[in-house]
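Top line first, the protein sequences correspond to chains A and B.
Counting along the first sequence from 1, when you hit position 34 you're at 34 in my numbering, and nothing is skipped either side.
Counting along the second sequence from 1, when you hit position 148 you're at 1148 in my numbering, and nothing is skipped either side.
Calculated from the structure, these hints are not laboratory results.
Beta carbons are placed, not taken as given, at the ideal position from N, Cα and C, and that holds for glycine.
Honestly, I wouldn't trust all of these hints.
To be verified - So the derived label-pair ranges between C-beta atoms look like this:
{"id": "1", "chain 1": "A", "residue 1": "Asp53", "chain 2": "B", "residue 2": "Gly1022", "range": "28 to 34 angstroms"}
{"id": "2", "chain 1": "A", "residue 1": "Pro149", "chain 2": "B", "residue 2": "Pro1085", "range": "31 to 37 angstroms"}
{"id": "3", "chain 1": "B", "residue 1": "His1050", "chain 2": "A", "residue 2": "Arg161", "range": "40 to 46 angstroms"}
{"id": "4", "chain 1": "A", "residue 1": "Thr55", "chain 2": "B", "residue 2": "Asn1005", "range": "21 to 27 angstroms"}
Stated by the list, open to error - If you want the footprint, here are the derived chain B segments under chain A, 3+ residues with CB under 8 angstroms:
{"id": "5", "region": "1010-1018"}
{"id": "6", "region": "1022-1035"}
{"id": "7", "region": "1092-1105"}
{"id": "8", "region": "1120-1130"}
{"id": "9", "region": "1153-1162"}
There are 2 protein chains.
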Amino acid sequence: MSNENVEQILDVQLTCEGQATGKMRNELKVTGSWNPDHPWQLATDEGPFHGGDSTAPPPLALFCASVTGCFMTQVRAFAKKLRIPIASLKVTGSFKWQAVTHPQRPYVSSPRGFGLDIEIDSSATPEQLKELIAAAKRGCFLEQTLIRPNAIDHRMKLDGRWVEV
Amino acid sequence: MSNENVEQILDVQLTCEGQATGKMRNELKVTGSWNPDHPWQLATDEGPFHGGDSTAPPPLALFCASVTGCFMTQVRAFAKKLRIPIASLKVTGSFKWQAVTHPQRPYVSSPRGFGLDIEIDSSATPEQLKELIAAAKRGCFLEQTLIRPNAIDHRMKLDGRWVEV
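Start from the sequences, fold in the hints, and give me the full structure.
And the structure:
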């Protein structure tokens, strides 16, 4: 088998250092393992509901942009790879959640449905475009994350030691 | 039962309008249903791997910031609600994925583990802090999204009609 037909594993790892500042603002430095010397400086804040100052988008806005943007990246990257011409691409994402609130207790939240509406200006056939979308679904890091259950490990520093919580 | 003990359902809905520009840049306007007149203007881009110009963070950087920031919001919001004092809060998120790449075919990606390391400067007891973290897990919109499988509905406009794809 020649090298040209060999699958390879690509590891993609990011670290996010978040520091709480202001009333509800978070400063977040994100570093990609492939680009360690050029971290991205991001921020989130909240509006009146959480007593924040709206100095930055809320976390959910970053999330919706990340999912929509990640899918769009795959569509354009794979259009090149599959030699499918694209003149323009527009994607409208819809994201719904619910929280059960209580005056005296923390609320409990849950997702209530996500959708992506895709508009491609292209001379390709509908079959080619459907093949492109199928490839984008398989390639999209965030779609592949959202469609399966993920454990999140939590550790807290207590008395100088990391403890699973 | 008095009004003070009644649970209520809070609907949280966001729309993200993404337009592909440049080589791999996406302009993303995110609107929250609770704040329709003040959308957030965000952008993603890619680096050399995808042939982008690195004019904005990649989608995965927004995602990591959103998950870390959302969890941090819950910790501070619920600390107030549970009357647990917090002098400072730092959270370091770790996010891993893999892609199986092939020279001639689109890659296929999958998540490989997420973690949050939490450092709280507080006069509260370890038990109070553990209670706070448990409440933050239940309240965090994005943690509650990631720990369960989510369907994503895709529609594409073909010949002027929306078609499920």
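Do the hints match the structure? See the list:
{"no.": "1", "hint": "Asp53/A to Gly1022/B: 28 to 34 angstroms", "verdict": "32 angstroms, holds"}
{"no.": "2", "hint": "Pro149/A to Pro1085/B: 31 to 37 angstroms", "verdict": "34 angstroms, holds"}
{"no.": "3", "hint": "His1050/B to Arg161/A: 40 to 46 angstroms", "verdict": "41 angstroms, holds"}
{"no.": "4", "hint": "Thr55/A to Asn1005/B: 21 to 27 angstroms", "verdict": "35 angstroms, violated"}
{"no.": "5", "hint": "1010-1018", "verdict": "holds (count 9)"}
{"no.": "6", "hint": "1022-1035", "verdict": "holds (count 7)"}
{"no.": "7", "hint": "1092-1105", "verdict": "holds (count 14)"}
{"no.": "8", "hint": "1120-1130", "verdict": "holds (count 4)"}
{"no.": "9", "hint": "1153-1162", "verdict": "holds (count 8)"}
Violated hint: 4 only; the structure is consistent with all others.
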